[in-house]
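*Asks:* Each chain is listed here by its residues.
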Amino acid sequence: MIRISAKLRASLFLASLGALLLAALAGPLTAGAAAPASAAATEQPETVCIQCHSALPDKLGAPVNLWRQSIHAENGISCNGCHGGDPKNADDAMNRSRGFLGAPKEADIPAFCGRCHPGVLKDYLASAHGRALGKGGPTCFTCHGNHQVLKASLDLINEKSCTRCHSFERAKTIRAAMQQTEGYIVGIDRRITGFQAIGVDTDRLGKGLFAVRNRFHTLFHDVDVARVRAESAQINTELAKLDRDLKVIEEARAKRKIAGGIAVAFMLLMAALVLLLKKTYD
Amino acid sequence: MALLKRVYDWIDLRIGAREIVKKELTGYLLPRNINEWYSLGSVLMVIFALQVLTGMLLMVYYVPDAEKAFRSVTFVMNELPYGWLIRLCHAVGSNMMVAVLILHMLSTLMMGSYKSPRELNWVSGFTLFALVQGISLTGYLLPWSQLSFWATTVATNSANAIPVVGPYLVEFLRGGKLVGPPTLGRFFAVHVAVLPVVIAAVIGAHLFLLKRTGISTPPFGSLETKKPWRPDSYSYQHHPGGIPFFPNYALQDLTSICVYFAIFLAVVFFLPNMLFTPDAFVPANAFKTPAHIKPEWYFLANYQTLKIFPSELLGLSIQAAAMTFLALLPFIDRSPERHPLKRPVFLACAIGGILLWIGLSVWGHFS
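Chains A and B are the protein sequences, given in the same order.
Just add 1 to wherever you are in the first sequence, counting from 1, and you've got my numbering.
The letter at position 218 of the second sequence is residue 207 when you use my numbering, and the numbering goes up by one with no holes.
Hints were generated in silico from the structure; no laboratory data involved.
In this text, a Cβ means the ideal position worked out from N, Cα and C, and glycines have one as well.
Straight-line alpha carbon distances no greater than 27 Å define the calculated DSSO-like cross-link-like pairs of lysine-lysine that follow: (1) B/Lys277 / A/Lys208; (2) B/Lys166 / B/Lys57; (3) A/Lys280 / B/Lys11; (4) B/Lys(-6) / B/Lys12; (5) A/Lys136 / A/Lys123; (6) B/Lys57 / A/Lys208; (7) A/Lys280 / B/Lys12; (8) A/Lys106 / A/Lys89; (9) A/Lys60 / A/Lys89; (10) B/Lys200 / A/Lys279; (11) B/Lys12 / B/Lys200; (12) B/Lys11 / B/Lys200; (13) B/Lys11 / A/Lys279; (14) B/Lys277 / A/Lys89; (15) A/Lys279 / B/Lys(-6); (16) A/Lys152 / A/Lys173; (17) A/Lys152 / B/Lys277; (18) A/Lys279 / B/Lys12; (19) A/Lys173 / A/Lys123.
With beta-carbon atoms standing in for the labels, derived distance ranges: (20) B/Asp54 / A/Ile199: 24 to 34 Å; (21) A/Phe142 / B/Arg60: 38 to 48 Å; (22) A/Val224 / B/Phe355: 49 to 59 Å; (23) A/Lys123 / B/Pro170: 38 to 48 Å; (24) A/Arg230 / B/Val351: 52 to 62 Å; (25) A/Leu270 / B/Ile321: 38 to 48 Å; (26) B/Phe161 / A/Arg191: 38 to 48 Å.
Assemble the whole structure, with the sequences as input and the hints as a guide.
*Replies:* Now the structure itself:
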């Protein structure tokens, strides 16, 4: 006769309760699957500009690949976002009556970019770089690139780039003054994003960081070392407030885990005690 | 103690409490070889009760309005004292209820407890399984997040494959051509007012059937294996010489409930976000379709089945046929043998079916 021992059944039972946990683990599998959603949400259908220029050689085709690696591509800003024209109709893609602008002349570059980045344009024009526009000074493309537009970060202030026009000494001092603040902002941003992804209401913190970051970015085009240092110190004070708020959330969540550990241990202890009590009746 | 005895005597005089306790608890005998799997029914009732309780508490602050639903859930999770705990217990509990229900049904299948004269117990249990999936689906939309909005769009869209009535059915489910505020209204009503009552009623029917036929004997003892209980006319299956429900098996129920709570609380406190994707915390946006929206884990096999067949109608028909087969299994499998190892064809089909379901779910996740 085939028999299944009580011990085997009990083991199977406990294993299946463990499988409950595994079954619940299937949830994060789904979670993982849905994770790239935000990136994909910004994907745009391919425009006629891309379709046509991808097939063209050299100078006419190169911008497409450069653009694909840019912050603009990452955020769904396609060719027509800067150059105008109808991105859905090849006949009107380069039609000036449909807003096509073509490539700007050097002196027009800041205004060209400034249509979407008016604050940065103002900062740039007020800076020594901006004041040298048309007199051999740098334009937006000089540091940020044109089609492979790079995300604004302190990495753009580097010896290789700056020494094309002047010595790196002052730029190095400015960069050092901003370095700590940049790291602070990146760290806080990462923590806020992490909390947001698990349902913590980060609306107020996110808005606070957005304001601080914007203030910090105004320094990116400033070449006044003293002002950069003073502003960075004030911004760091603002960031410290956000840091404190985040620590409160982190501490609350750590306390929850301790409470959870106690609750789970209590339940396991109860299970063991009740099982022992049951054995006394068997 | 004397006071308690006086109170008990007072109640006994009026309602015959001692007689009820003897009949339903201490004198209610269960088979001597009863095992732990039988306690899953009690675990499920505790889960259902907790779902009702947490659901009622959530209703105090939840606003079933497309403009306010997401904000109200965010408020519960972030600002309401212990709101996060109540909400997580409700969300994790719904997944756990499906998981435990699957285990309960698997144990019934393996021990052949669905067989005559317990066909109606199986059918009522299967109905409960469908209803629990329904209440999970309707509850999924209520937070009005990107995840819930688009998962509901995908789920309701499946009905389109049904010939002739499909498009009308989709419109009826959604309350319009697309998922929108009317969908939220009707899903909320079904989730909080219709399905809990129906589930409670079917649980009542399930327990009534259990009480009328008695607990089945596990097919592992020598007595049951030699002489299966198969009455020709209505008969209650007694278990003379069995163990009393109280305190013996009540303590087993309590052990299983404690183990369940340990697992449940571990998920609630340590792994709550494995049930939520980042899209679950972004308000619904009908103009922004996230990529890779997948249904809940227990619908992944159904989702993948629809994808692998060339027509959705064929996929739906195969699923409907499989579900009908499972629902009517006691009427198809008429053999009196209940020991799983003495039913090799059944065992092969059951294991094959489980592996197929797991395989389709994994495929559905990675597809």
